[in-house]
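Novice: Sequence:
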Amino acid sequence: NGTAVANHIKNYSYTTVTDVVSHLRDNGVAPDRYYLWRGFPSILTADKSVIMAETVPTYDASSVYNYSSAWLGDAANFSILLGKWPQAVPPCGFENEKCPPTTPPFTDAEIAVIVASAVAAAVLIGVSLYIWRWIRYERRLESDYWSIERQEITLMDLRRFGSSRAGSDFFGSMISAKSSVFDDDGPAKGTLEFYHQNIKREAKLRKRKLAENTIKKAANRGEDDQWDAIEDNQLARFQGQLVILRRINKSSLRLTREMKRELDLLMTMKDDNVNMFIGLINEGHHIFTVSVFGPRKSLDDLLRNTDLRLDRMFKISFAEDVIKGMRYLHMKSKIGFHGNLKSTNCIVDAYWRIKLSGFGQHQMREGVQPGRDEGLLWTAPEILRLLPSNLAELPREMVQRADIYSVGTLLYEIYGRQGPYGDDLIDAREIISSLKAGEVDGFISRPAIDLIQKAPAQIRDIVNRCWLEDPRKRPNINKIKDKVAKVNNGKRTNIADNIMELLDRYKNNLSEMIEERSKDLDDERRRNESLLLQLLPQSVAEKLKNGHNVDATLFDAVSIYFSDIVGFTSLSSKSTPLQIVNMLNDLYTRFDAVIDKFDCYKIETIGDAYMYVSGLPDLNGNYHVGEVAGAALELLELISVFEVRHLPDDKLKLRIGIHTGPVVTGVVGVKMPRYCLFGETVITASMMESSGEPMRIQLSVDAFKTLTMCGGFSTELRGDVTLKSKEKMRSYWLNSYNAEYRLDRLRDDLVKYPHLARI
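With full-length UniProt numbering, letter number 131 in the sequence shown gets 131, and the count goes up by one each step, no holes.
What the hints contain is simulated information worked out from the structure, not anything from laboratory work. A few of these clues could be false.
Label pairs and their in silico Cβ distance ranges [to be verified]:
| no. | residue 1 | residue 2 | range |
| --- | --- | --- | --- |
| 1 | Lys507 | Thr605 | 47 to 55 Å |
| 2 | Glu149 | Asp450 | 47 to 55 Å |
| 3 | Tyr588 | Gly666 | 21 to 29 Å |
| 4 | Cys676 | Arg526 | 36 to 44 Å |
| 5 | Asn390 | Ser143 | 41 to 49 Å |
| 6 | Gly126 | Lys334 | 20 to 28 Å |
| 7 | Gly666 | Arg517 | 19 to 27 Å |
| 8 | Gly666 | Thr605 | 17 to 25 Å |
Below, computed lysine-lysine pairings styled on DSS-like, alpha-carbon distance capped at 30 Å [said to hold, decoys possible]:
| no. | residue 1 | residue 2 |
| --- | --- | --- |
| 9 | Lys545 | Lys597 |
| 10 | Lys481 | Lys270 |
| 11 | Lys473 | Lys334 |
| 12 | Lys334 | Lys545 |
Note that beta-carbon positions come from the ideal geometry of N, C-alpha and C, so glycine has one too.
Please construct the entire structure, taking both the sequences and the accompanying hints into account.
Specialist: This is the structure:
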């Protein structure tokens with residue numbers, strides 16, 4: 001309330017900051033006091049050189065103010081401002097009458113002319129500079145400075161730098177494939193694995209020989225034929241450095257101005273995450289782009305190499321390198337987009353840094369077929385629907401959004417390490433068809449995100465957002481960069497700083513790999529030895545392993561067992577081949593277990609015939625016939641209780657013959673070698689079996705005489721039998737034996753025949 005305040009302050013007294021009492025009159029006005037100091041120049045050096053007067057206002061009832069002055073005397077300790085007294089008159093006078101007027105150097109008209117001339121000169125210089133740069137640019141385009149002649153290129157042998165996957169987008173990814181590992185589930189599977197690996201090894205050898213022959217033939221052809229043999233990619237050397245040639249499948253290429261602009265942009269691009277473009281070979285139908293070779297091949301090769309363990313630092317570094325390269329293309333380069341981003345187009349240099357390649361050639365490659373369907377799995381659906389359109393003719397923002405889809409797929413591949421579509425076994429053509437279809441019944445085809453469940457949450461979120469069906473909803477490359485930076489808590493990832501730690505890990509990993517491979521090698525060696533011992537006696541196998549020849553050997557006395565199944569032909573007529581095989585496998589597996597308890601060596605089985613021998617290759621004195629006879633008696637006992645699975649009511653019967661005599665042994669064949677016995681003894685033993693009776697063991701005279709020297713066996717005379725050779729021979733029946741007597745004999749002969757200790 002202003003009126004109330006005004007009424008309140010009328011006739012009000014207060015003390016000022018200078019400790020003077022001031023009085024507000026009834027009209028609300030407070031008169032002021034003024035002070036005047038006067039100096040005397042003649043006494044400036046005195047302590048009290050200034051006197052002070054006070055002007056005090058007085059007023060009457062009509063509020064008319066009057067001032068009266070009173071000299072108060074000398075002012076103590078008065079200090080002069082700036083050390084000097086103020087002048088009474090300014091140097092130039094109060095109206096500048098003591099100073100002459102100054103004349104300006106230029107008139108307004110002259111200044112206007114000068115400014116106009118400067119502007120015109122700047123415009124002229126700018127236009128001249130633009131014209132000069134334009135002429136220089138056009139001359140550069142016409143100079144074809146990117147052109148490389150074939151004579152400057154030396155083609156290299158691909159095999160010197162590892163295998164490659166034919167027909168892919170980059171040499172380093174031409175043949176890499178996931179390695180398969182066999183599980184050791186037991187002897188049977190190990191044996192199958194052995195044969196499987198032998199087949200694979202022989203196939204590789206045949207393939208290598210075929211490749212060598214092809215290379216030799218190519219070397220004999222002319223230079224044109226060698227260049228014609230390049231299907232897609234070729235390693236070469238140019239000016240002392242390794243380069244990659246990538247074919248443009250056209251019969252000829254006439255460079256237009258737009259193509260030259262493309263080449264010029266590629267030649268002038270410089271970035272740590274962009275692979276350097278070196279030039280173009282354009283000679284007839286020999287059209288190749290030339291770029292720097294990545295010593296560590298491509299990102300696709302690294303991710304497919306299951307022996308290489310990529311830790312968190314590697315994965316985030318790869319992701320950041322890809323994003324940096326894409327950010328350069330999207331925001332700093334005149335190309336503006338990639339258009340073909342995939343792991344095979346991500347080159348890995350010697351410092352494990354990702355460099356993008358395969359971009360900026362859309363004009364030159366216009367009309368070229370996109371290639372295999374597998375190479376399109378990184379491509380955005382909206383681009384798949386437009387193929388084979390030239391991406392350079394599409395809006396830049398549209399292709400950039402499509403690049404974002406490819407970035408998401410690449411991140412998925414880095415963290416999943418199972419390709420761009422995970423472990424899905426669907427054909428690539430079907431996948432592309434489903435991508436083109438878009439959303440169907442609320443479902444869109446995308447790789448299974450669960451495959452990267454262990455990846456950071458930010459990465460999974462980026463991948464999902466990059467895969468949005470609506471390109472406008474996908475994040476731009478800057479947002480992806482910021483989000484990936486949060487994965488590493490804003491820290492800069494420098495893979496070079498991690499090299500020492502990597503080397504330590506790699507050393508440990510290599511040690512583990514060597515240990516694992518050594519174990520696999522030992523297991524394989526044991527399986528090979530086991531298989532070899534199933535084919536050959538141990539002493540013979542050792543000679544072969546050591547590279548020694550196995551000469552034919554004469555043994556003066558050995559005992560041979562022959563047997564067959566009585567009525568096998570009739571049994572076969574009532575059974576299928578598979579049933580016969582299963583029956584013989586069951587029976588002879590048990591036979592093998594029986595003779596392993598004796599000092600016997602199995603020679604072979606042919607159909608229903610079974611043959612083993614004792615007394616070779618390790619000598620055991622005269623006890624060979626006792627070992628053969630003891631095993632024969634146990635086989636008779638076994639077959640009496642053996643049950644045929646598919647014919648449980650039928651009982652098998654054996655007919656057995658044993659003969660003792662000299663034989664000659666030797667290894668026959670290189671593939672599937674066999675340890676064979678030769679001589680009359682083998683034939684006689686077979687005749688002893690064929691002339692015998694079911695469930696009886698027939699001994700020849702020589703076998704009987706040697707058996708009596710062993711002791712512990714019960715025999716009876718059969719009489720003379722007529723053999724197939726029309727010759728008559730006396731024979732004996734073997735009835736039983738004393739197992740304890742045999743074991744006592746073995747214990748007594750361990751010193752003389754140490755190999756008997758295994759029984």
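Novice: Verify the CB-CB distance for Glu149 and Asp450 against the hinted window 47 to 55 Å.
Specialist: holds (53 Å)
Novice: Is the hinted range of 20 to 28 Å satisfied by the C-beta distance from Gly126 to Lys334?
Specialist: holds (21 Å)
Novice: For the pair supplied as a hint, Lys481 and Lys270, is the alpha-carbon distance within the 30 Å limit?
Specialist: Satisfied, since the Cα-Cα distance of roughly 20 Å is no more than 30 Å.
Novice: Cβ-Cβ distance between Gly666 and Thr605: within 17 to 25 Å?
Specialist: Check passed, 20 Å falls within 17 to 25 Å.
Novice: Please check whether Gly666 and Arg517 have a Cβ separation lying inside 19 to 27 Å.
Specialist: violated (37 Å)
Novice: Does the structure keep Lys334 and Lys545 at a Cα separation of 30 Å or less?
Specialist: With a Cα-Cα distance of about 67 Å, the restraint between Lys334 and Lys545 is violated, given a limit of 30 Å.
Novice: Within 21 to 29 Å: is that where the Cβ-Cβ distance between Tyr588 and Gly666 falls?
Specialist: Distance hint for Tyr588, Gly666 holds at roughly 24 Å.
Novice: Starting from Lys545, check that the Cα of Lys597 is at most 30 Å away, please.
Specialist: Status holds; Cα separation ~26 Å.
Novice: Please verify whether Lys473 and Lys334 have alpha carbons no more than 30 Å apart.
Specialist: holds (24 Å)
Novice: Go ahead and decide if the range 41 to 49 Å is satisfied by the Cβ distance of Asn390 to Ser143.
Specialist: violated (26 Å)
Novice: Can the suggested window of 36 to 44 Å be confirmed for the beta-carbon pair Cys676 and Arg526?
Specialist: violated (26 Å)
Novice: Evaluate the given range 47 to 55 Å for the C-beta pair formed by Lys507 and Thr605.
Specialist: Holds, at about 52 Å.
Against the hints set out earlier in the document, violations occur for numbers 4, 5, 7, 12.
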